[in-house]
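Visitor: Each chain is listed here by its residues.
Protein chains: 2
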Amino acid sequence: MSDYQEGKSRWWGWGDFDQDFDLNERARLAPYLKKNIGVDILSGKMRFAAPTLDDIELPEPRLDAEILRQLEGMLGKDNVCQDKFNRVSHSTGKSYRDLLRNRLRRIDNPVDVVVWPHEEEDIVKLLALAEEKQIAIVPFGGGSSVVGGVEPRGTDAYDGVITIDLGRMNQLLQLDATSHTATIQAGAQGPYLEEMLNEKGFTLGHFPESWRHSCLGGWLASRAAGRQSTGYGKIEEMVISVKAITPTGRIVTRKVPASAAGPKLMDILVGSEGTLGIITEATMKVRPLPDVFDYSGLLFKSFGAGISCVREVMQGEVRPTAIRVSDEAETGLAQAWRLTSGKHLKHKAEDIALSLLEKRGYSFNQGAFMVLGVEGGKAEVAERKKKLLKICRKLGGFYLGAGAGMQWYEGRYDNAYLRDQLINYGIMVDTLETATTWDNYLHLYGAVQKAMQGSIESSGVKGIVACHLSHAYPYGASLYYTFLAGMAAKDEEGQWAALKKAASDAIIAAGGTITHHHGLGYEHAPWLPDEVGREGLRALRALKQTLDPHGIMNPGKILLD
Amino acid sequence: MSDYQEGKSRWWGWGDFDQDFDLNERARLAPYLKKNIGVDILSGKMRFAAPTLDDIELPEPRLDAEILRQLEGMLGKDNVCQDKFNRVSHSTGKSYRDLLRNRLRRIDNPVDVVVWPHEEEDIVKLLALAEEKQIAIVPFGGGSSVVGGVEPRGTDAYDGVITIDLGRMNQLLQLDATSHTATIQAGAQGPYLEEMLNEKGFTLGHFPESWRHSCLGGWLASRAAGRQSTGYGKIEEMVISVKAITPTGRIVTRKVPASAAGPKLMDILVGSEGTLGIITEATMKVRPLPDVFDYSGLLFKSFGAGISCVREVMQGEVRPTAIRVSDEAETGLAQAWRLTSGKHLKHKAEDIALSLLEKRGYSFNQGAFMVLGVEGGKAEVAERKKKLLKICRKLGGFYLGAGAGMQWYEGRYDNAYLRDQLINYGIMVDTLETATTWDNYLHLYGAVQKAMQGSIESSGVKGIVACHLSHAYPYGASLYYTFLAGMAAKDEEGQWAALKKAASDAIIAAGGTITHHHGLGYEHAPWLPDEVGREGLRALRALKQTLDPHGIMNPGKILLD
Chain A
880 MSDYQEGKSR WWGWGDFDQD FDLNERARLA PYLKKNIGVD ILSGKMRFAA
930 PTLDDIELPE PRLDAEILRQ LEGMLGKDNV CQDKFNRVSH STGKSYRDLL
980 RNRLRRIDNP VDVVVWPHEE EDIVKLLALA EEKQIAIVPF GGGSSVVGGV
1030 EPRGTDAYDG VITIDLGRMN QLLQLDATSH TATIQAGAQG PYLEEMLNEK
1080 GFTLGHFPES WRHSCLGGWL ASRAAGRQST GYGKIEEMVI SVKAITPTGR
1130 IVTRKVPASA AGPKLMDILV GSEGTLGIIT EATMKVRPLP DVFDYSGLLF
1180 KSFGAGISCV REVMQGEVRP TAIRVSDEAE TGLAQAWRLT SGKHLKHKAE
1230 DIALSLLEKR GYSFNQGAFM VLGVEGGKAE VAERKKKLLK ICRKLGGFYL
1280 GAGAGMQWYE GRYDNAYLRD QLINYGIMVD TLETATTWDN YLHLYGAVQK
1330 AMQGSIESSG VKGIVACHLS HAYPYGASLY YTFLAGMAAK DEEGQWAALK
1380 KAASDAIIAA GGTITHHHGL GYEHAPWLPD EVGREGLRAL RALKQTLDPH
1430 GIMNPGKILL D
Chain B
880 MSDYQEGKSR WWGWGDFDQD FDLNERARLA PYLKKNIGVD ILSGKMRFAA
930 PTLDDIELPE PRLDAEILRQ LEGMLGKDNV CQDKFNRVSH STGKSYRDLL
980 RNRLRRIDNP VDVVVWPHEE EDIVKLLALA EEKQIAIVPF GGGSSVVGGV
1030 EPRGTDAYDG VITIDLGRMN QLLQLDATSH TATIQAGAQG PYLEEMLNEK
1080 GFTLGHFPES WRHSCLGGWL ASRAAGRQST GYGKIEEMVI SVKAITPTGR
1130 IVTRKVPASA AGPKLMDILV GSEGTLGIIT EATMKVRPLP DVFDYSGLLF
1180 KSFGAGISCV REVMQGEVRP TAIRVSDEAE TGLAQAWRLT SGKHLKHKAE
1230 DIALSLLEKR GYSFNQGAFM VLGVEGGKAE VAERKKKLLK ICRKLGGFYL
1280 GAGAGMQWYE GRYDNAYLRD QLINYGIMVD TLETATTWDN YLHLYGAVQK
1330 AMQGSIESSG VKGIVACHLS HAYPYGASLY YTFLAGMAAK DEEGQWAALK
1380 KAASDAIIAA GGTITHHHGL GYEHAPWLPD EVGREGLRAL RALKQTLDPH
1430 GIMNPGKILL D
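Protein chains in written order, with our numbering: chain A, 880 to 1440; chain B, 880 to 1440.
FYI, nobody ran anything at the bench for these hints, they're computed from the structure. These numbers come from a predicted model, not from an experiment. Hints are supplied without guarantee of correctness; some may be wrong.
No copy labels: a pair is met if it fits in one copy or bridges any two.
Calculated cross-link-like contacts (lysine to aspartate or glutamate; reagent style DMTMM-like; alpha-carbon spacing at most 20 Å) [stated by the list, open to error]:
id	residue 1	residue 2
1	K1079	D1318
2	K1264	E1196
3	K1341	D895
4	K924	D895
5	K1079	E1191
6	K1257	E1196
7	K1257	E1191
8	K924	D1055
Next comes chain A alone, as it looks inside the complex:
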């Protein structure tokens, strides 16, 4: 079942309607924001009130009654919907640009109808109809794209837009406990997928920040990475085979652990973001549920010291399940975000410890906070953790204990809610990410930070740029930037677009990838030519032309022309 269909999810922001932070429980936040962003959230002045559906003007759906009848005949009335809530909630993802436009009461590119297929044959028929009538198709998983992956684009060239919500194709089809593989339908969202696997003693091990509101098909289509990717791999490393429906047919890759039978077709579909077809199911690698989830915190004197430590860890014998280091700015931001009162407060004693720490040269204001996660069997985890901490301590890490790690672990899906609250107060807040090899890490880190800071300053506001490393490899790691700045008085979208362009140009110039795990959508698509070159583009266009000759599949994404 789709979250939206049940009406429990916000169409104008992240997650569930009933969840918000009580900012009064975090007394350090307001002074921090006032000082660094120049926005006083205690003044009570809100930039935006939460929009209601009545605020939104939506044009009539473009699809005529005859097509609607055909869709209802094909899928049943319950699986075809044109109501305002569903059209609006399926017309954007969750990027800053999306949330901003929602608050500005703008739905720039409304879908005309949302449909829920129940089986592959439904999708085959939908694509055939769309081809015949020249209707654009947007595949929709959890709708959590932060790069414009699910927003209809360039749809004037089509006679309408059908969004195919995969939410009702969400079953575990087969759990092969011998081979440690599971065949799962693409629409299975994180919690339900894990529930089905956990029942049989397994886990997928893929837990992105969007986990509660994203699904297998979306992860595969966008090459997602979970918080434990350091131990369990990115989604493209977890997949054995996929099944996809394209407008011209069906691709089923072979369920084998490895092959040398020519170019790897699966890696054309994985990452194609619905532009070639719709991934309907996949056979995934699964692993036995770990007994122990051990997350602890460490503090380093600088981001550089933390980075060196991650590199040494990743090039050593024993791999953590998760390892992340925040730079000085993010460590400071997290400190400002910590609970200071309220029913959840467990760590008052830490404040006393903090002053002791500072005497030894470790500070949450000028240091780098690390989370180290180890999952597995009890004895194994103890052994691995011991070896990992030995390296961390050798390289200057101060062990803060399990409390600091578990605090991060428990809150790991919640931070997206804060974004909505800050936006309402008139703060531009967004994230972007890249990856590079170790030799280039600090160079890229500095160059992109400088570009972003420069863009913030040139828009005449105050702001901060924070960064963390959260997906590590022996050869390099990701960089994940968060920026907060005062929202421009007018053209808020232009302010953001200028910063995004500055950051993206800097990423490419410094040798990074335009995206490590968010995907391209349309927001990153302008940098694809830098990523793959002229020949690469020609190859991608040829695939598009071959598998989707009428260009109905998620137009305007990945390839802009």
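Here the structure of chain A is known, so what remains is to put chain B in place on it, guided by the hints.
Guide: Just chain B, lined up with the frame of chain A:
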């Protein structure tokens, strides 16, 4: 420098001219072959004498003097060669079919000229000339293909064939000791590549059976797997980025540890076997040279027991660097192949141990031999080995000690020589391979074995079909078959082709992949449609048409039309 160019390699068989086994040192072999294959190698009757170049009739090269002059002007006279040795040695690979035809004094599809580029720009010019003149291009690495990957095909449609030998583009361009990556030219062959890396304290960790006579570009083009792939990964898991020249341009993928920027172009080039362009260099993951190479042997009572053990090992906490299990037939064959005299004999004491073993129900004639390899730091290896042996023993493995493992390790590049000797005696001997998931492993094992045995019997000869597992994953493993049979009195090639077809059909019917690491060439190409389906073929054809619009790149491979 190319092996062939130096004249030190056999054009009609495997490896170096000066290497052969003294079969007198292996007294068990002759009776074994007589009993199981029906061929008496002691009779002194040879089916074939080694061919000489004088035996071979070669047509005049088809390229006219003008083109030759252009090539010489482009590359220099030393890098353009039409002599008989080079034309012959570059006209086939090392499949059984190749070795058989060599002995039958047949070069079915001779190349017209062999050229050695020194830099990318040379290749750009060569492809431009070939396009202009409609000349076929065959990229050539070590020439060790066992699937017909380097033999010119369908060349009547072209005005000639240029084989581009990458042997003089073999340098280590950059060793990044911080990121553990190395940028290496495609023509670097195994030993030289390792020498360059070892000097800096690193290794690639890729050691296929062909290692001494194959190169990086060939490994990437054919998705090769080394003997230590269980620990270090297949070649496609070791590559960070590639540079390739196609007839229409250049593709350089980004040097980043991971990316979500759309479909993964690198995985189109890797596995493309020279049909889209020529991989000229790659940035590879490297790792510090291990201190310890620990290989030991174990014996299981059956192949089934050994397989169960590998599965449990691979799904456990600690991974071996290499693990392989021979089935009963291969364990018996290896036993027949063991030294019984001669200067290399070190293991006479083992014979005594053998009879003791049999009393406990373990036999080399009805058991399954396992090699377990662990590489790394000294303490780490000891710890991992202890944990691995615990699982092996629990599942019925009898530990034979390091001697048995090191014997395999030391001889691991030599067995290919034996093939040439047996062929000369009139024995059809070849290998083929696949992979599947664990749930399907024994089913596929039996089905393919039965198909091969049936084909041998229907050709009216005696023979054996042996198998081992040598590349293991948590989700499944490879199956590597070796077959030996009496050569048919006539149409030896047809005898082999019938068996190959029976085996390949059975692999596909039983759910395996047509190749786990040998590649497609033209010998496996007929089964590509089964592997990728109609839509997959359309996608691959579109890539070919786009990157190689005149179809000059390695025609007749992968895609047959």
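Visitor: Quick one: K1257 to E1196, C-alpha cut-off 20 Å, is that within a copy, between copies, both, or neither?
Guide: both (19 Å within a copy, 12 Å between copies)
Visitor: I want to check one pair: K1079 and D1318. Are their C-alpha atoms no more than 20 Å apart within a copy, between two copies, both, or neither?
Guide: between (43 Å within a copy, 17 Å between copies)
Visitor: Taking 20 Å as the upper bound on the Cα-Cα distance, should K1264 and E1196 be classified as within, between, both, or neither?
Guide: Both: 12 Å inside a copy, 14 Å across copies.
Visitor: First find the shortest C-alpha distance between K1341 and D895 inside one copy, then the shortest across copies, and answer within, between, both or neither for a cut-off of 20 Å.
Guide: neither (31 Å within a copy, 71 Å between copies)
Visitor: Which holds for K924 with D895 at a C-alpha limit of 20 Å: within a copy, between copies, both or neither?
Guide: So K924 and D895 fail the 20 Å test inside a copy (24 Å) and across (83 Å) alike.
Visitor: Within a copy, between copies, both or neither: which one fits K1079 and E1191 at a CA-CA cutoff of 20 Å?
Guide: Classified as between: cross-chain Cα gap 18 Å, same-chain 36 Å, threshold 20 Å.
Visitor: Indicate which option fits the pair K924, D1055 if close means a Cα-Cα distance not exceeding 20 Å: within, between, both or neither.
Guide: neither (56 Å within a copy, 53 Å between copies)
Visitor: Check K1257 against E1191 for me: Cα-Cα at most 20 Å, and say if that holds within a copy, between copies, both or neither.
Guide: between (24 Å within a copy, 18 Å between copies)
The structure fails to meet hints 3, 4 and 8 from the earlier list, while all remaining hints are met.
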